[in-house]
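As given, the protein sequences belong to chains F and H, one line each in that order.
Residue numbers in the first sequence follow the working numbering, run continuously in steps of one, and reach 135 at the last position.
Residue numbers in the second sequence follow the working numbering, run continuously in steps of one, and reach 400 at the last position.
Take the hints with a grain of salt, since some may be wrong.
Said to hold, decoys possible - Okay, derived cross-link-like pairs now, EDC-like style, lysine to aspartate or glutamate, Cα gap no bigger than 20 Å in a straight line:
no., chain 1, residue 1, chain 2, residue 2
1, F, 98, F, 43
2, H, 345, H, 334
3, H, 263, H, 157
4, H, 336, F, 103
5, H, 127, H, 266
6, H, 5, H, 294
7, H, 179, F, 43
8, F, 115, F, 49
9, H, 189, F, 43
10, F, 115, F, 103
11, F, 98, F, 82
12, H, 5, H, 34
13, H, 5, H, 38
14, F, 98, F, 132
15, F, 42, H, 191
16, F, 98, F, 113
17, H, 127, H, 153
18, H, 189, F, 120
19, F, 98, H, 339
20, H, 179, H, 317
21, H, 127, F, 83
Everything labelled a hint here was simulated from the structure, so no lab data went into it.
In this text, all values refer to a predicted model and were calculated from it rather than measured experimentally.
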Amino acid sequence: MMQKKIVLFFPSTVVEQPFIYHLIKDYRWMVNLLKAAINPRKEGRMVLEVTCTEEDYQRGVEYLQSSGVSITHLEQEIVWVEERCTQCGACAVICPTKALAVERPSMRITFDDSKCIVCEHCLKACPARAVEARF
Amino acid sequence: MGVRKTIKEINVKIQQGKAVVVTAEELIPLAAAEGAEEAARQVDVVTTGTFGPMCSSGAFFNLGHTTPRMRFSRVYLNGVNAYTGIAAVDVFLGATEIPETDPANKNFPGEFNYGGAHVIEDLLGGKEVYLEATSYGTDCYPRKKVESWITLDDINEAYLFNPRNCYQNYNVAVNLSNKAIYTYMGILKGDLGNANYCSAGQLSPLLKDPYFKTVGIGTRVFLGGGTGYVAWHGTQHNPCVQHSDLGAPRTPAGTLALIGDLKQMEARWIRGISYLGYGVSMQVGVGVPIPILDAEVLAWAALRDEDLTAPIVDYSEGYPQGIPGNLGEVSYADLKSGEIEIQGKRVPTASLSSYPRAREIAETLKGWILAGDFLLTEPVQPLPGADSGIKSKPLKIKGK
Ligand code: SF4
Ligand code: SF4
Numbered sequence: 001m002m003q004k005k006i007v008l009f010f011p012s013t014v015v016e017q018p019f020i021y022h023l024i025k026d027y028r029w030m031v032n033l034l035k036a037a038i039n040p041r042k043e044g045r046m047v048l049e050v051t052c053t054e055e056d057y058q059r060g061v062e063y064l065q066s067s068g069v070s071i072t073h074l075e076q077e078i079v080w081v082e083e084r085c086t087q088c089g090a091c092a093v094i095c096p097t098k099a100l101a102v103e104r105p106s107m108r109i110t111f112d113d114s115k116c117i118v119c120e121h122c123l124k125a126c127p128a129r130a131v132e133a134r135f
Numbered sequence: 001m002g003v004r005k006t007i008k009e010i011n012v013k014i015q016q017g018k019a020v021v022v023t024a025e026e027l028i029p030l031a032a033a034e035g036a037e038e039a040a041r042q043v044d045v046v047t048t049g050t051f052g053p054m055c056s057s058g059a060f061f062n063l064g065h066t067t068p069r070m071r072f073s074r075v076y077l078n079g080v081n082a083y084t085g086i087a088a089v090d091v092f093l094g095a096t097e098i099p100e101t102d103p104a105n106k107n108f109p110g111e112f113n114y115g116g117a118h119v120i121e122d123l124l125g126g127k128e129v130y131l132e133a134t135s136y137g138t139d140c141y142p143r144k145k146v147e148s149w150i151t152l153d154d155i156n157e158a159y160l161f162n163p164r165n166c167y168q169n170y171n172v173a174v175n176l177s178n179k180a181i182y183t184y185m186g187i188l189k190g191d192l193g194n195a196n197y198c199s200a201g202q203l204s205p206l207l208k209d210p211y212f213k214t215v216g217i218g219t220r221v222f223l224g225g226g227t228g229y230v231a232w233h234g235t236q237h238n239p240c241v242q243h244s245d246l247g248a249p250r251t252p253a254g255t256l257a258l259i260g261d262l263k264q265m266e267a268r269w270i271r272g273i274s275y276l277g278y279g280v281s282m283q284v285g286v287g288v289p290i291p292i293l294d295a296e297v298l299a300w301a302a303l304r305d306e307d308l309t310a311p312i313v314d315y316s317e318g319y320p321q322g323i324p325g326n327l328g329e330v331s332y333a334d335l336k337s338g339e340i341e342i343q344g345k346r347v348p349t350a351s352l353s354s355y356p357r358a359r360e361i362a363e364t365l366k367g368w369i370l371a372g373d374f375l376l377t378e379p380v381q382p383l384p385g386a387d388s389g390i391k392s393k394p395l396k397i398k399g400k
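Next up, chain F with everything else stripped away, as it sits in the complex (with noise of 0.2 Å):
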């Protein structure tokens, strides 16, 4: 058995198509959601815990890449560089998950790693570039 933590992303065309069920029922993956951000008829990310054998695994990551969705593994992480960040909440309208967010009445941004799915829109949207990738 082995033990993955995986991104999906799933283009529009195919996002309510029912992947998980397949990847349980006929691929014998173990699913642990960890997050997920989907939206009908639009694209969609999913992050993922996989536990199930070295086999079973390529062949759910054959069956979900011939169905147009691509998989990324998940060695990257986001962080914010709370000091290079300005306050200035241009990112909370970008984070699709509510990670970044502004604190009202204090209008003060936070971030919440939790609700982090990596899709990385912040990384350019943050003037300051106080959000950054790390590996």
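Starting from the known structure of chain F, arrange chain H with the ligands on it as the hints suggest.
Quick look at chain H with the ligands alone, frame taken from chain F:
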């Protein structure tokens, strides 16, 4: 007879440690409870603050003479071009200048990771900056090339001279097209995906003195963590716009040209920033003290986010094509709530100007005044006001 105070009298109180100083935020409940007349009796100075992107900024440097002497005609600081069309070793480094090697928007949207504002921030942070200068050589300035590493301490005079800061009110930027656009107002998602604004609202210096009754040329201010001065009215100063019944301008209006010694400033308050697909800018911290001369000045200084409005402007077509008009007005209170309504749609809002940092500036300035370290100045000359007839002209394109 209503309250009347002079700046001189207020300064005496500051020196005696008796002045009552509050931030523009703290003034609001006080004015509501006591009324303008009584609050004006109690309060001597109100401090304001703003920390936002201010593209029209830059610094003059005197880099010192080499031996043999050299008349710099091309200068790069960390690869960023500084303007040399002034005396021998004087240069002006503009905040938005980018290296000639930057691909800019060739790979759209460009990242613009480094520019003039970042050089200034690096100097303030004590970092060494790579200087490259070339010249054509003259009898009096024979040297043609120099390369060196310099720090802020190595530079003779270094002062910020920002031609346009502190916009009195600003547009709320939205995008009516169906794809994202990349602007100096940040990333605007298509189909009214977000609304970005850029003002500290009830803490913003010029919104709290809407008719420039106290701020003028020579006014001493907080600039980038040090002290600075109002040098002139800023470029695009447009004081004759419509004001609300409460007195606040309803659209972008007045601006300030500011000057100050860079060596007193801190990198925390002068930041290089990068707008995806647009370019480099500088986030500048400014705080202006408002001497409470009478109840009218106090009432303006006590305007709340609820009382201050900004126009909503489409940046997909309206702004770039210079089409007059807007999509309505919205209060800063609504903008700060995180969501506004435009054309029947709920639109999330984001700020580019930092409200927490604006508050910190107002607090810091208050501390300086209370400690007696910062005296108020009489304006040497007022700024052109609502009766000046000034209008910002568009460029007329003519052939010969
Ligand atoms: S990578 Fe950035 S934008 Fe994406 S979810 Fe994480 S914090 Fe939000
Ligand atoms: S955009 Fe960057 S600087 Fe602005 S609040 Fe977000 S993390 Fe901080």
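Right, here's what the structure says about each hint:
1. F/98 / F/43: holds (17 Å)
2. H/345 / H/334: holds (14 Å)
3. H/263 / H/157: holds (9 Å)
4. H/336 / F/103: Judged against 20 Å, a Cα distance of about 11 Å means the pair holds.
5. H/127 / H/266: holds (13 Å)
6. H/5 / H/294: Between residue 5 of chain H and residue 294 of chain H the Cα gap is close to 7 Å, so the pair holds against 20 Å.
7. H/179 / F/43: holds (15 Å)
8. F/115 / F/49: holds (15 Å)
9. H/189 / F/43: holds (15 Å)
10. F/115 / F/103: holds (15 Å)
11. F/98 / F/82: The hint holds at about 17 Å.
12. H/5 / H/34: holds (18 Å)
13. H/5 / H/38: Holds, because 13 Å separates the two Cα atoms, which is no more than 20 Å.
14. F/98 / F/132: With Cα atoms ~17 Å apart, residue 98 of chain F and residue 132 of chain F stay inside 20 Å; holds.
15. F/42 / H/191: holds (15 Å)
16. F/98 / F/113: holds (10 Å)
17. H/127 / H/153: holds (10 Å)
18. H/189 / F/120: This hinted pair holds, its Cα atoms lying about 16 Å apart.
19. F/98 / H/339: Holds - the C-alpha atoms of residue 339 of chain H and residue 98 of chain F are around 14 Å apart, at most 20 Å.
20. H/179 / H/317: holds (12 Å)
21. H/127 / F/83: Status holds; Cα separation ~17 Å.
The structure is consistent with each of the numbered hints, conforming to all of them.
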